[in-house]
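Protein chains in written order, with our numbering: chain A, 1 to 230; chain B, 1 to 230.
Be aware that a few hints might be false.
Copies of the same chain look alike in the list, so a pair counts if it fits in one copy or across any two.
Calculated pairs, DSSO-like style, for lysine-lysine (alpha carbon to alpha carbon, straight line, at most 30 Å) [to be verified]:
#1 Lys150 <-> Lys33
#2 Lys142 <-> Lys121
#3 Lys160 <-> Lys121
#4 Lys160 <-> Lys33
Calculated directly from the structure, the hints in this document are not laboratory data.
Protein chains: 2
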Amino acid sequence: MAILYHHPFCPHSRFIRLSIAEMGIEADLIEEKVWERREAFLALNPAGTTPVLVEEQIASVPGSRIIAEWLDETRGLALNDRRLLPENPSARVEVRRLVAWFTEKFGAEVSEPLVHEKIYKRFMPGDVGGGPPDPAVFRAAKSNIRYHLKYIGYLIRQRKWLAGEALSYADLAAAAHLSCVDYLGDVPWDEDAVARDWYARVKSRPSFRTLFEDRVLGMAPSPVYADLDF
Amino acid sequence: MAILYHHPFCPHSRFIRLSIAEMGIEADLIEEKVWERREAFLALNPAGTTPVLVEEQIASVPGSRIIAEWLDETRGLALNDRRLLPENPSARVEVRRLVAWFTEKFGAEVSEPLVHEKIYKRFMPGDVGGGPPDPAVFRAAKSNIRYHLKYIGYLIRQRKWLAGEALSYADLAAAAHLSCVDYLGDVPWDEDAVARDWYARVKSRPSFRTLFEDRVLGMAPSPVYADLDF
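Extracted from the complex, chain A is given alone in its bound form:
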């Protein structure tokens, strides 16, 4: 069976958890605290980041975008119309553009700083950067999220799903990153009703269910987190 090294609130890991659930791939989830810089984990991914996928055929596939390509190359054709990276090269560019948008841009501007400040720092020892959250950091992230929601709304006004007429990695990446912020109650859903409706659609998929069970010790999820009619 596949093994996925992840953190429950790492948005990149959540993107892959959703993707493998959509593909019907079972994996053992092993929680990795990246700040511990475990030697055996660094051997799997010298960059020291989650997620990392291990399978019988390969010792290590590190990083969400690389795992997504690997899954498509090893399973894509068999998925037929449920494939998450379309067959047409131009359509693949649009999916990859939006995956990059949410993993790099939304990640750097919103989800990574919020998760780092509000979740990771609670569990990190002081000597590697743990401690109370920095309000300046999360104020910026909470302001940045508004234009990203508007961008999702803009795209969904033209298309059924983020990258076109079919569900793709783009939707799963975006929803994975948003779901971490949603746990914290920091998504201003009133900002764009079309974006909210799209998220409700993704959130109601069976692949999303396992995310609802994740909990941060001592920090309850926002009331809307697992609510399908938020």
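Starting from the known structure of chain A, arrange chain B on it as the hints suggest.
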């Protein structure tokens, strides 16, 4: 003919310039000053970053990693043993891992801050962040580069090229990022002789020649920049 929107000292653009030269693809180069946030350019890439490739078959391919995938999907098979992304899925993971390493990690820790502080800021108006370089930023980058050179040396002690026995995107991405830092004279080549020898091999390829002609107005390149026997 293809059009590549780039900046001469954008390391991501250089990665694609090297790649298309290796593939024998001709392209018109159009210099883009991303800080101007030109509307016509933002329409090609809403993220506002270089490089962007435009071809007859597609309106826009934004971002070096996405362009590299596009080029492989549209030309890869015809290149046979000169293909820059190998055919085997496991080997593709290793190439993509190292491309991600150099574009994301080396980019964020070394080449982007150095190019931004020492080159871009000379030409950016003050109201969008132009001005004198911040020594704290480039001191950190000049310290970070050392472990990256050691990592290149470590890999090349085991393999002919960075990702295996054949030249790949990994070599071109790494060399593209290093070449920007080399212009500034900030690569401590004495740090690792094996890394230096690998760079000399990549640098002597015909694809590298056009990079040697790039100049920053009012800033001469380091003496070793275009020297094949540095």
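Here's how the hints hold up against the structure:
1. For the identical chains of this complex, Lys150 and Lys33 are inter-copy neighbours only, at 26 Å across copies versus 33 Å inside a copy, given an alpha-carbon limit of 30 Å.
2. In this assembly of identical chains, the alpha carbons of Lys142 and Lys121 lie at most 30 Å apart whether taken from the same copy (18 Å) or from different copies (28 Å).
3. Taking the shortest alpha-carbon separations for Lys160 and Lys121, neither the intra-copy value of 38 Å nor the inter-copy value of 41 Å comes in at or below 30 Å.
4. In this homomeric assembly, Lys160 and Lys33 never come within 30 Å of each other (Cα to Cα): the closest approach is 37 Å inside a single copy and 34 Å across copies.
The earlier numbered hints that this structure contradicts are 3, 4.
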